[in-house]
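A.B. asks: The chain contents come next:
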Amino acid sequence: MIVVGLVLVAVGTVLFHLLSPWWWTPIASNWGYIDDTIVLTFWITGTVFIAVILFMAYCALRYKHRAGVRSEYRPENKNLEWWLTIVTTVGVAGMLIPGLFVWNQFVTVPAEATEIEVMAKQWSWSFRKPGKDGKLGTTNVRLVNADNPFGIDPKDPNGQDDVLVDGDNLHLPLNKPIKVLLRSLDVLHDFYVPQFRAKMDMVPGAVTYFWFTPTRTGTFDILCFELCGVGHHAMRSQVVVEAQTAYDNWLNQQMTFKKALAAVEKRAAENKQLASRKAAADIVATIAAD
Amino acid sequence: MNIIEQLRQKPWTAEQVRIDDAHGGRAYVLPTAKLGLRILLTAITVLLSLFVVAYSDRMVVSDWRPLPEPWLLWLNTLVLIGSSVAMQRGLIAVRQGRIERFKASLLVAGGSAVVFLLGQLWVWRQLVELGYFAASNPANAFFYLLTALHGLHLLGGLVAWTRLVARLTHGDTRRLRMGMELCTIYWHFLLVVWLIFFALLLYS
Amino acid sequence: MAEVGAEIERIGPAEVEDVELYHAKSWITKYVFSQDAKVIAIQYSATAIAIGMVALVLSWLMRLQLGFPESFDFIEAQDYYQFITMHGMIMVVYLLTALFLGGFGNYLIPLMVGARDMVFPYVNMLSYWIYLLAVLVLVASFFVPGGPTGAGWTLYPPQAILTGTPGAGAGIVLMLVSLALFIIGFTMGGLNYVTTVLQARTRGMTLMRMPLTVWGIFTATVLALLAFPALFVGAVMMTLDSVLGTSFFMPTIVSQGELLKHDGGSPILFQHLFWFFGHPEVYIVALPAFGIVSDLISVHARRHIFGYRMMVWAIVIIGALSFVVWAHHMYVSGMNPYFGFFFATTTLIIAVPTAIKVYNWTLTLWRANINFTLPMLFALAFIVTFVNGGITGLFLGNVVVDVPLSDTMFVVAHFHMVMGVAPILVIFGAIYHWYPLMTGRMLNEAMGQFHFWVTFLGAYMIFLPIHYLGFLGVPRRYFEMGTTSFIPESAHTLNEFITVVALIVGVAQLVFFYNVVWSMIKGKKAGHNPWKATTLEWQTEEVPPGHGNFGRELPVVYRWAYDYGVPGAEDDFVPQNHPPKRAPARAAE
Amino acid sequence: MTEATKHVEGQQHPIGIYIKIWGWLFVLSACSYMVDYLHVQGYLRWTLILTFMVLKAGLIVAVFMHMLWERLALLYAIILPPVLVLVFVAIMYYESIYTFVTRQLFFSVLTGA
Ligand code: HEA
Ligand code: HEA
Ligand code: CUA
Ligand SMILES: [Cu+2]
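Protein chains in written order, with our numbering: chain A, 6 to 295; chain B, 760 to 963; chain C, 3 to 591; chain D, 16 to 128.
Be aware that one or more of the hints could be misleading.
Ranges between beta-carbon positions, derived for each pair [unchecked claim]:
{"id": "1", "chain 1": "B", "residue 1": "870", "chain 2": "C", "residue 2": "340", "range": "47 to 57 Å"}
{"id": "2", "chain 1": "C", "residue 1": "263", "chain 2": "A", "residue 2": "275", "range": "31 to 41 Å"}
{"id": "3", "chain 1": "B", "residue 1": "919", "chain 2": "A", "residue 2": "150", "range": "52 to 62 Å"}
{"id": "4", "chain 1": "C", "residue 1": "245", "chain 2": "A", "residue 2": "236", "range": "24 to 34 Å"}
{"id": "5", "chain 1": "B", "residue 1": "954", "chain 2": "C", "residue 2": "30", "range": "38 to 48 Å"}
{"id": "6", "chain 1": "B", "residue 1": "954", "chain 2": "A", "residue 2": "60", "range": "34 to 44 Å"}
{"id": "7", "chain 1": "D", "residue 1": "95", "chain 2": "B", "residue 2": "925", "range": "51 to 61 Å"}
{"id": "8", "chain 1": "D", "residue 1": "41", "chain 2": "C", "residue 2": "245", "range": "54 to 64 Å"}
With the Cβ distance kept under 7 Å, some of the chain A side facing chain C (calculated, not the full set) [what the hints assert, rightly or not]:
{"id": "9", "residue": "14"}
{"id": "10", "residue": "16"}
{"id": "11", "residue": "28"}
{"id": "12", "residue": "43"}
{"id": "13", "residue": "46"}
{"id": "14", "residue": "48"}
{"id": "15", "residue": "61"}
{"id": "16", "residue": "75"}
{"id": "17", "residue": "94"}
{"id": "18", "residue": "213"}
{"id": "19", "residue": "232"}
{"id": "20", "residue": "238"}
Please keep in mind that the hints were generated in silico from the structure rather than gathered at the bench. Note that CB positions come from ideal geometry on N, CA and C, so glycine has one too.
Between the sequences and the hints, there should be enough to build the whole structure, so can you do that?
C.D. replies: Below, the structure is given as structure tokens:
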């Protein structure tokens, strides 16, 4: 019975793997190496798993209890144990070493990568790109308010031409390496697009990063991958990967920090005129509410 | 015997059986209670050093504004040293069987530990009056945290001390001596902890 | 071995002073405020299983939501997050840790090393009552305004104490207080387990003659004594952040449009502290399982454990290494990315001693004489599920592979297989194995078979497919997937299937509980040593063992714990306390 | 320790073991010099040099200070936890610097805020 059970588990597992329609979504970035490392890991570990179960099944079949039989008395077998240790070590090294090489690529951002910033807050995304100067302005959380949702330092010249994308999807040009700088205003979040394979947590009080190159055009879902409160599962956006010209078109329509500031100032001037009228209206409203 | 060597024994072989059969059952000659205390102190050491790690990690950040050092802290430190010295004298006395002297030292040790705790509370009051609240700066927060932690451990020691005093009335000298040894080790340990904390607070 | 003529004279004098045994004076001190380790063990186990049932019911509610997202009005997003948090925390800390160390540790350590009781019985009793208090505080958090915390069992700040998270007020504070209490209580118990193993063994019981169960529990306790302080530090500092508004872990934050007072803290510091505790913690629940399963396999396969010394070393090495791998939970946390090299290497190195353990379990079966009793079945099922979960750990440990898999359902599948299924199967096996000792009766075999097959195959069917959801990219801790382009409709069908199986497996546990109660009254009488085991707990005068464990005299040990199938011996096993060249072992009645 | 074996075999150490250890110490020292000689730089350099140093120290403690063998078990038990905590300390040290540097790099300082 248990022999059948064990074999069933081994065969069932393999069959499930072969027949399963659930597997990676097709990749859309340069991180094919990650997929390769997974496949390699899969083969090494999968073989060991099946081998261990089948060995157990064999023992269960062959050494079932029989009256009058004694088990072998041989407390250890040094050679066997050494061999098993060495083979396992080789197996582990075979997975680890390629893995570390890929990780080295992962943490080494190419010099030509353009920076973009993704900013998270409960429970929405916004994005910022450097303007013509190619540099993002520095920020401070204390500067964040309705008029300056990114908290950009107005005194930093690098920040003036930054392109702000608030409430729209993120657009990226095809085949250009990108360094994604990640920032959060409140709690931990995590920026992940399954097709890109790369993700990183966003930590308030710090800026984290990862890099990748989009290799396929299309529209992909952005999901938040770190528990961030009741809205965690609903914290979505999309990223559109498109050819350079389409991308440039999109970029030109976006608001820059300078323009945003100007708009704010204009509004402030109008507001001053409105202020007195509004104050009067407020009083009326409060009275009415009572 | 070396632990590595012990772990290399083959308990099923005839030679090893001969050795093992002579084994008396315990790993250390230490009295059990002392070993228990040492294990407890190891755990406490890990606990306190992790606090210190967190402390130094946090100190790097620019918003760290050190506290003033109340002179009272120096006085408290002296009192605590006195407490430890009294403990040690008590231990020597109990070893020599001089009960009266032992009683006196024990009371002095406990009394000065209480004085130390009151002194620490006084320091807290002073700081609060000066407006150094826990929430206003991490340096303050750590100061309150570390002193509280040390104080609580000392309070725990005082519970053991009280039991020792209670035992004094029974006059069970064998157990008195063991209790006194344990208390003394613990007292010295807490003194060292305090000196480290104090140095850390001065350093910042 | 049997032919060695080691005479009785060789046995050294008893160095263990016979402790002043604690004697109960009344019913209350015998059964309630008892200082007898065996009673404390039962108290611990009963409390742990009771609170574990809460966690089990929570897992059904979670599965219902995941399988049928739109159908249950009473499960809102905030409820769901509270469910997973309490489910995870209870299962890991309040059920498994308490049951393995407080339950099995208390029952088995003194009996297996030949001691009359734990060395500090009074502290041992306190340990249980503080644990109970911790559980009550935890339960209380269900009933405070805002409910229990919904921050995930990892309790990461700033989220855990901000308003966007359910239970951010009273819930999280009670959780932290309860954890602090648990740690204090555990430290008291742990002090006992370690000191008892070191100082209270009976004559002839060298370290290397101890059964692996004792080794596993002993090492796990040492780990716990060193790891829990890290959680304590994190819990205390977070409590202060939450209650006093300090900034240990809290940076400057704009929460839902409002600038908070905190400034400068580092959330990642908490993660380091948490996982410096958290990773050893997963081995704290794994090592006792390793130890126990070794003994189950050996007894029921009627063969010595293969490579005993390697097994001991592996336990010790895994224990030590488990302190230098913690940041493999933080590969994508935004910590210094260069740490990835170090932690990936240490993490994968741990696989080697673990693999040796797996090999030795299977090699014990080789040329054995296997009885397929219930404990044996559970042990085999443990190996299958543990290896499955262990190798998925290798995926996650290899830092690049973790990047896409982290925080997906793959991680959920990994740790359920390796922690939620494998050690639970060992617990069941252990209960079937030691129930006769604790009650004097056997558990019913037919009910046991049913329970085994449904639990083993069912649990495997629940968690194997979840890996594939993880590959697909389904995130963990999602109240519902909503519409997501890369997730096909078939994945929802799969989720429904998993939910149905989980409910079936859950209901099958009722059979087990029924069996436990029924057999207490109607079960077959077990007699002495029904499994013909060599270890000391089966050699007591009375079954179940009475007060003081071993009649008037402590047993004396003459051999290691694994003398099964000794050539030339009369029986196929020789109990540890049987002197050489004397009457053969007393056979089972 | 009272593992009552002091008078039993296994306590004398054949001279061969000392020679072997000398050999190992020599090899380890050679390794350290090689690190220098080959101009290995950066983190790797210090990692290697420290590793060799620790190995040497371990050997010396384990063998030459055999007077300590009686108490060595105690020593290990006492040393191991602090070593583990030290790993934590080292990692946290680099981590705090990393946090500090990223904050300097990306966040503007508000004077007078
Ligand atoms: C009992 C509990 C337990 C155990 C034993 C393990 C064992 C292991 N775990 Fe697991 N793990 C958890 C419980 C456990 N884990 C939990 C609870 C989490 C999630 C916490 C959370 O985020 O909520 C987690 C998460 C987790 C992560 C983080 C994932 C993420 O969040 O992104 C990682 C990453 O490295 C990891 C790795 C490993 C490894 C390498 C092992 C190894 O020790 C496994 C070793 C075993 C084997 C390898 C099998 C036997 C070997 C063989 C038969 C031979 C194999 C052959 C070759 C290697 C050639 N685990
Ligand atoms: C030991 C630990 C343990 C155990 C046993 C379980 C058991 C189960 N768990 Fe759990 N789970 C966790 C630990 C565990 N879990 C943790 C740590 C998390 C992470 C929380 C977080 O993200 O913060 C989690 C999260 C988690 C999720 C992910 C939620 C999400 O991320 O969105 C899901 C979803 O399906 C799930 C399901 C289940 C199910 C169906 C069962 C079971 O119903 C499966 C079947 C198993 C049994 C039937 C065994 C039952 C027996 C007992 C419970 C013990 C009783 C003991 C005795 C009688 C001796 N669990
Ligand atoms: Cu944002 Cu989860
Ligand atoms: Cu881990």
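A.B. asks: Take the hints in turn and mark each one as holding or not.
C.D. replies: Right, here's what the structure says about each hint:
no.: 1; hint: B:870 x C:340: 47 to 57 Å; result: 54 Å, holds
no.: 2; hint: C:263 x A:275: 31 to 41 Å; result: 33 Å, holds
no.: 3; hint: B:919 x A:150: 52 to 62 Å; result: 56 Å, holds
no.: 4; hint: C:245 x A:236: 24 to 34 Å; result: 25 Å, holds
no.: 5; hint: B:954 x C:30: 38 to 48 Å; result: 46 Å, holds
no.: 6; hint: B:954 x A:60: 34 to 44 Å; result: 59 Å, violated
no.: 7; hint: D:95 x B:925: 51 to 61 Å; result: 37 Å, violated
no.: 8; hint: D:41 x C:245: 54 to 64 Å; result: 60 Å, holds
no.: 9; hint: 14; result: 6 Å, holds
no.: 10; hint: 16; result: 13 Å, violated
no.: 11; hint: 28; result: 6 Å, holds
no.: 12; hint: 43; result: 5 Å, holds
no.: 13; hint: 46; result: 5 Å, holds
no.: 14; hint: 48; result: 11 Å, violated
no.: 15; hint: 61; result: 5 Å, holds
no.: 16; hint: 75; result: 4 Å, holds
no.: 17; hint: 94; result: 6 Å, holds
no.: 18; hint: 213; result: 4 Å, holds
no.: 19; hint: 232; result: 5 Å, holds
no.: 20; hint: 238; result: 4 Å, holds
Checked against the numbered hints above, the structure violates hints 6, 7, 10, 14; every other hint is satisfied.
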